[in-house]
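Visitor: The residues making up each chain are set out below.
Protein chains: 2
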Amino acid sequence: MSEVIATYRLFDQKGAFEKKAEGIALGLTIGSWTDLPILEQEQLKHHKGRVLSIRKTGIETAYGQEADIEIAYPAANFSADLPAILVTVFGKLSLDGAVRLIDLSFSEELASLFTGPKFGVEGIRALTGAYNRPLLMSIFKGVIGRDLAYMEEQLKAQIAGGIDIVKDDEILFDNPLTPFEERVKLGRQVIEQSEAKALYAVNLSGRTSELKEKARRGIELGASAYLFNVFAYGLDVLQELAEDPEIHVPIMAHPAVSGAFTSAPHHGFSTELMLGKLVRMAGADFTLFPSPYGSVALERSAALKTAEMALENSGHKQTFPVPSAGIHPGLVPVLYEDFGMDSIINAGGGVHGHPSGATGGGRAFRQAIDAVTAGRTLEQAAVKNEDLRLALDLWGTGK
Amino acid sequence: MSEVIATYRLFDQKGAFEKKAEGIALGLTIGSWTDLPILEQEQLKHHKGRVLSIRKTGIETAYGQEADIEIAYPAANFSADLPAILVTVFGKLSLDGAVRLIDLSFSEELASLFTGPKFGVEGIRALTGAYNRPLLMSIFKGVIGRDLAYMEEQLKAQIAGGIDIVKDDEILFDNPLTPFEERVKLGRQVIEQSEAKALYAVNLSGRTSELKEKARRGIELGASAYLFNVFAYGLDVLQELAEDPEIHVPIMAHPAVSGAFTSAPHHGFSTELMLGKLVRMAGADFTLFPSPYGSVALERSAALKTAEMALENSGHKQTFPVPSAGIHPGLVPVLYEDFGMDSIINAGGGVHGHPSGATGGGRAFRQAIDAVTAGRTLEQAAVKNEDLRLALDLWGTGK
Chain A
1 MSEVIATYRL FDQKGAFEKK AEGIALGLTI GSWTDLPILE QEQLKHHKGR VLSIRKTGIE
61 TAYGQEADIE IAYPAANFSA DLPAILVTVF GKLSLDGAVR LIDLSFSEEL ASLFTGPKFG
121 VEGIRALTGA YNRPLLMSIF KGVIGRDLAY MEEQLKAQIA GGIDIVKDDE ILFDNPLTPF
181 EERVKLGRQV IEQSEAKALY AVNLSGRTSE LKEKARRGIE LGASAYLFNV FAYGLDVLQE
241 LAEDPEIHVP IMAHPAVSGA FTSAPHHGFS TELMLGKLVR MAGADFTLFP SPYGSVALER
301 SAALKTAEMA LENSGHKQTF PVPSAGIHPG LVPVLYEDFG MDSIINAGGG VHGHPSGATG
361 GGRAFRQAID AVTAGRTLEQ AAVKNEDLRL ALDLWGTGK
Chain B
1 MSEVIATYRL FDQKGAFEKK AEGIALGLTI GSWTDLPILE QEQLKHHKGR VLSIRKTGIE
61 TAYGQEADIE IAYPAANFSA DLPAILVTVF GKLSLDGAVR LIDLSFSEEL ASLFTGPKFG
121 VEGIRALTGA YNRPLLMSIF KGVIGRDLAY MEEQLKAQIA GGIDIVKDDE ILFDNPLTPF
181 EERVKLGRQV IEQSEAKALY AVNLSGRTSE LKEKARRGIE LGASAYLFNV FAYGLDVLQE
241 LAEDPEIHVP IMAHPAVSGA FTSAPHHGFS TELMLGKLVR MAGADFTLFP SPYGSVALER
301 SAALKTAEMA LENSGHKQTF PVPSAGIHPG LVPVLYEDFG MDSIINAGGG VHGHPSGATG
361 GGRAFRQAID AVTAGRTLEQ AAVKNEDLRL ALDLWGTGK
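Going line by line, the protein sequences match chains A and B.
Position 266 of the first sequence, counting from 1, maps to 266 under our numbering, and the rest follow consecutively.
Position 4 of the second sequence, counting from 1, maps to 4 under our numbering, and the rest follow consecutively.
Please keep in mind that the hints were generated in silico from the structure rather than gathered at the bench.
Heads up, a few of these hints could be off.
[As the list claims (entries may be wrong)] Covered stretches of chain B (chain A as the covering partner; in silico rule of three or more C-beta atoms under 8 Å from a C-beta of chain A):
1) 164-178
2) 254-261
3) 266-274
4) 374-380
Every value quoted in this text rests on a predicted model; they were computed, and no experiment measured them.
The beta-carbon is built from N, C-alpha and C at its ideal position, and this holds for glycine as well.
Using the sequences and the hints given, assemble the complete structure.
Guide: See the structure below:
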């Protein structure tokens, strides 16, 4: 049967999870069961939520004992869109005190109604010509209040450093100094003038109903990728962009605002569900999430699970995991160990703060990537690579 | 200057809030300041975030000392839409451990770019002909897997009980048994056949880009109001529906999923900001939120502040506050005391579970409302009002 299985982390002072789970399974579907006449039970049985499992974790929290429970919701109860699914599995329930939605598992039939990423890992490798290594991404710095000439200089420096993907700052919106269309044209021009096959992810922003048209216009002008603040809009908005055949460039899901519903330990959604599984179903080609190393850090296990859900076998193309924040060249070995080949190394300060500027920063990262994929240490590689040596002198190695 | 002022609740083990606040004000705007040349400072000063106040609350939490800080963000930094504003004030910051966005204050110029509710409290009173009393709302019960005849019977019973507004269950989506258009037609017919000026809020659901067209078609078929799961879509989606001149029926914002980012004490958004202030700016005519009385309960102060923000003086029409869940006729005096005349009393089980059915339940509520607005006690009113007496016998009075 087509269905979605939700895994919740529940808390209860008395540990009465059977009653609580049954209450959820009925409350979020047909409302009541045992007091229904047999005839009505027959009529409603294909709509009834079912408790599949209850597993006490043995952990005692401020909200009581902890247990993970699985409940199956028949697809007959909702339309095949993420808003309907989220309202079904976590609408009212999200308001019921401490409870966390940690996973959703979609039956094959239901999952097949979501098309997922258009490009995914393989498609992005083809676009950038970057194989057999993690990709390298960087971000514009301090662009608010600056003009196009300032951005041009930064973009050139980054591309010259061998960076595969340059992304807009997520807080740069359409503005008179650097309007969307001008940034797109600038990006196209700088990339064409270089010999690189780089992508520039422009922030696709503005009113919801205008995004598709704006994205299409941007592509006509030469946009090669889009950055999208999906959690300020809605997962379904991302999905509709990804489904549009005319929007044939990769889309990068930014985690802005998502901490509001992933960071609290006993409420909201798990990071891996939102930033790993659901953005992939909704069609993100890249997913950015906090790395476990920086000051804005995600717990290591959550970061690893997010990457795992972005890449695991499913009917959809793989979403490129982009662990972000606090990254400098000295962290490349640990990034490679934690996230492997199919990940993107993304840096801001670690590129721009390099003693030789963003170009030197880009080169230092590429030297570090070449070293680790060839099985050499950074120290070995730094002997012949000045940029890498300068980076290691400044930021050190390891975490 | 046009700007938005964000009030955050911050936590710090060492109480170093000055540094933290300054880091946010710069980090979420121009990035750096003191190391900039004077010429660049001049160029960027209109884009710089400013710390306005830091107030230590004296409360010690698991995350350290607590302080409320205010930071002003120039409107020059973002486009005038809620996604851009939320990304600016809480994009990256939401991912930075324990931090809660408790209020946003918009300069008049900025607020005037948002049109707010189309109907509001006055408009809905005019539509329902209900003046000088709280309105009465009820919700369909157990409609998943049921047919139109079942809904018709429920709707007739509710309308006959004197209910002003009947709303769909938020988990009822478009489905073969009770499709959207058929529900709309049913609602129109039942309301026309009654002598009531009631509204039926149909759940407007489906894919984001199809909502406007669906809403317009529904109105052609006689839809009198829409229920909308705004937090499963996005505030801007609500705003675009509310701005559409062809969607000239009231829109009800449902809080489904919002608990994911309002319920944790040290993370996310305050309930009053999301369910009070922002849904109003985005154009909700009604806002539902958990009442402080039921099992799915909101803290009383948060519920009162939510209603306050829905109604307070501003350039926008007032949004009708609808404290929901756990409501029965015996609670009408406390609801009236807490939320006053301009609120809506909303019940599910408290209507349908009445010994005389939904019609008796509706009448019991109306009798209770008549009593409290006339300054009488429920006990006094119950002497001559059989339905109210039965309700009080079953559910008691008070909290």
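Visitor: All hints, please: hold or fail.
Guide: Comparing the hints with the structure gives:
1. 164-178: It holds, with 5 qualifying residues against the three required.
2. 254-261: With 8 residues in contact (Cβ-Cβ under 8 Å with chain A), the coverage given for the segment 254-261 of chain B holds.
3. 266-274: Per the Cβ count (4), the hint holds.
4. 374-380: violated (count 0)
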